[in-house]
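Protein chains: 2
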Amino acid sequence: MDEFNIAPVGYVWSDITDRVQAPRQGRDTSAAARIEILPQYSDAMDGIEQWGKLQVICWMHLADRDTLAVHPRRDVSAPLTGVFATRSPARPNPIAVYTVDLLSVERNVLTVKGIDAVDGTPVLDIKPHVHRLDD
Amino acid sequence: MDEFNIAPVGYVWSDITDRVQAPRQGRDTSAAARIEILPQYSDAMDGIEQWGKLQVICWMHLADRDTLAVHPRRDVSAPLTGVFATRSPARPNPIAVYTVDLLSVERNVLTVKGIDAVDGTPVLDIKPHVHRLDD
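For the protein sequence lines, the chains are A and B, in the order given.
To convert, note that position 9 of the first sequence is 9 in the working numbering; the numbers rise steadily by one, no gaps.
To convert, note that position 21 of the second sequence is 21 in the working numbering; the numbers rise steadily by one, no gaps.
Hints in this document: simulated from the structure, not taken from any laboratory.
A quick note: this is a predicted structure, and the numbers were derived from the prediction, not measured.
Any given hint could turn out to be false.
All copies of an identical chain are treated as equivalent in the list; a pair is satisfied when it fits inside any one copy or across any two copies.
[Stated by the list, open to error] Taking lysine to any residue pairs in the SDA-like style, the calculated list, with each CA pair at most 20 angstroms apart, reads:
id, residue 1, residue 2
1, 113, 32
2, 53, 72
3, 53, 131
4, 113, 60
5, 53, 81
Isolated chain A, as found in the complex (with noise of 0.2 angstroms):
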């Protein structure tokens, strides 16, 4: 069995401090955040004031990774669905892809909205959104 070792490359800070509180979709929300990335991947960071969009890959630690199945925006009405046909947090792999619009860059930290990120959650990856490819 395949198994791959995964390190953050940064963490998202945002006011955000508990699931309850989260939106339940990042564009809903309309604070920004703050995504640092660490100082040993500052150098993956050159040129990224160039975009103004970018795809944020995070890892949602607080997911429960064991449910297969839910009931869609937690509606207990809806029938129960794989949570590969929703964007439920709770999923084998808890990731989730941002698209967020990027406001500023200084040093090793990029404010960005669009992300509804609990403070603290690991960053993974960091994508220019191309349009072609991703809309």
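Dock chain B against chain A, hints included.
Okay, now just chain B, sitting in the frame of chain A:
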């Protein structure tokens, strides 16, 4: 230092057997690929057939994880750019996010269009593509 263990939920089966043969990005290829979900995760697929577009999150197992800067599009005349500002597969956590068209679902196999992953690439997660959130 945080570290996470990730095991694949499935694999990509495609006609692309090496990286040289692989198109630069998923949307450039027109061939269909199959995604086989491992039996222990098949319940997580329930309802997936209702979606036309999916996000498929892969682990690019052949990618170099030590490279922090590249020449974009392998063009040596382009300035070295941090990997977080490019879509290069080389990056500390080589995670690829493909937006694909779902063509069919048969048991634990999805047939999709728009993925250029090498045959045998591990799949980490699958989500519906939601226009409001992802575009």
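Against the structure, the hints:
1. Taking the shortest alpha-carbon separations for residue 113 and residue 32, only the intra-copy value of 5 angstroms comes in at or below 20 angstroms, while the best inter-copy value is 35 angstroms.
2. When the C-alpha separation of residue 53 and residue 72 is checked against a cutoff of 20 angstroms, the pair qualifies only between copies, where the shortest distance is 18 angstroms, while the shortest distance within a copy is 28 angstroms.
3. Both within a single protomer and between protomers do residue 53 and residue 131 lie at most 20 angstroms apart by alpha-carbon distance, with minima of 9 angstroms and 15 angstroms respectively.
4. In the homo-oligomer, the alpha carbons of residue 113 and residue 60 lie at most 20 angstroms apart inside one protomer (18 angstroms), although the nearest pairing across protomers, at 28 angstroms, exceeds that limit.
5. In the homo-oligomer, the alpha carbons of residue 53 and residue 81 lie at most 20 angstroms apart only across protomers (17 angstroms), although the nearest pairing inside one protomer, at 31 angstroms, exceeds that limit.
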